[in-house]
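Let chain A serve as the given structure and place chain D on it in line with the hints.
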Amino acid sequence: MRIRCPFCGERDNGEFSYLGDAAPRRPDGLEASAQAMHDYVYLRDNPAGTIRELWYHAAGCRSWLVVTRDTRTHAIESVEPARDVARARRSGEAA
Amino acid sequence: MSEPATIQASASLWQPRSAWGGAPRAGRHGAPGQAGIRLTLLEGRGLATLVATEGNEAGLQTVLAERFGLSAPEAGGAAFEGERGLVWSAPGQWLAVAPSPHALRDLPEALRGLAAVTDQSDGRALVRVSGPQARALLAKGVAVDLHPRAFGPGRAAVTSIAHIGVQLWQRDAGPSYDIAVARSFAGSFWAWLEHAAAEFGYEVATVQG
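Protein chains in written order, with numbering that gives the first Met the number 0: chain A, 0 to 94; chain D, 0 to 208.
For reference, chain A alone in the conformation it holds in the complex:
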C-alpha cells in the first residue's frame, strides 16, 4: 500500500505510522463523564468500507494526515493534512 502524502508525494506505507479512526473527539477531561471518556478512549467502529483515519508520516515530513481509505480494498480516496482538517472543523464551530 502506498499513501500519497500531500507534501512528499507517493510513499511506501512503511514510512508512516498508523493511529486509527480520525473521528473520535476528546471530551473535556474536567467536564466529561467517565462514560464519555471511556467511549472516547476505547470504542471504535470497525467498518467494512470507507473510513477516515489518522496516519503520521514519521520517516518523511513528520506531518499528521487524515487518510480516507476503503478497508476492503485499501483504495485511498483522499489524503489531507490533519492540520487543515482541524482548522476547518474549528472555523466551522466558530461560525
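There may be inaccurate statements among the hints.
Claimed, not checked - Listed next, the stretches of chain D that the computed footprint assigns to chain A, with coverage defined by at least 3 CB atoms under 8 Å from CB atoms of chain A: (1) 22–35; (2) 52–58.
As the list claims (entries may be wrong) - Not everything, but these chain D residues come out facing chain A in the computed CB check (under 8 Å): (3) GLY75; (4) GLY81; (5) ALA142.
Keep in mind the hints are simulated off the structure, nothing from the lab.
Think of the CB as a built atom: it goes at the ideal place given N, C-alpha and C, for glycine as much as any other residue.
Just chain D now, with coordinates in the frame of chain A:
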C-alpha cells in the same frame, strides 16, 4: 617538566572529530575497473534547521531573500547558489546549508520571531554521492523515484535508507546527490553505503567546507 606534557595531552584530547567518525577509508574500493561511484564526505559545512513560526512564512521568505539572497523552496525542493542554500524538510521547515557554520551566524538574529533556528552543523553527517552509477546505487535503498522524469537537480526528499532517516537532494544532472544523516547514525549509514557501492567500484574522498 611534567607540565608541558600534561598540556599537550589535554590539547590532543580535543581534536575535532568528523561526523563520519573515521568509518570511511579514503581511496579506491570495491569492484575493479572504472569506479561507478564517487563518495565525497562534505566536512565542516554549516547546517541549521529553520522552522517558521505560525503565520510568518511570508515574512520569513522576505527576510531570507532580502538579507541572505536565499529562496525557501516549495515542498520537495532544494534551492542552491553554489554551496549555499535551503532544502525543504517539512511544511514550514527548511535545512539551511552553507560552506561553514560561521556563514550561518547571522540567521538566528535576523529571523527572530519569524523562525526557530537550530544549529545542526555537528548534528548531521553529509556525503555527496556521484558517478555514473549513483542512481543505481541509491535505487537499492531509496523508495523514492529518482529517475529524471520524477526527480532532478533542485529536488529534495525526506525519507529513509536502510531504516535510517535521511534528507537527500540532487545537486546536478551528473547526477550527484547530497545526503544528510543524523550523526549518531552515520556509522550504520556508512556501512550500508559502502556495501551497496562495492559492486560498482567506488572512490572515497573528503572536501572541507
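These are the hints, each one checked on the structure:
1. 22–35: Since 0 is below three, the answer is violated.
2. 52–58: The restraint on the segment 52–58 of chain D is violated, since only 0 of its residues have a Cβ under 8 Å from chain A and three are required.
3. GLY75: holds, 7 Å
4. GLY81: Violated - the Cβ of GLY81 of chain D stays beyond 8 Å from chain A, reaching only about 26 Å at its closest.
5. ALA142: For ALA142 of chain D, the interface hint holds, since the closest Cβ of chain A sits about 5 Å away, which is under 8 Å.
In this structure, the earlier hints numbered 1, 2 and 4 are contradicted, and the remaining ones agree with it.
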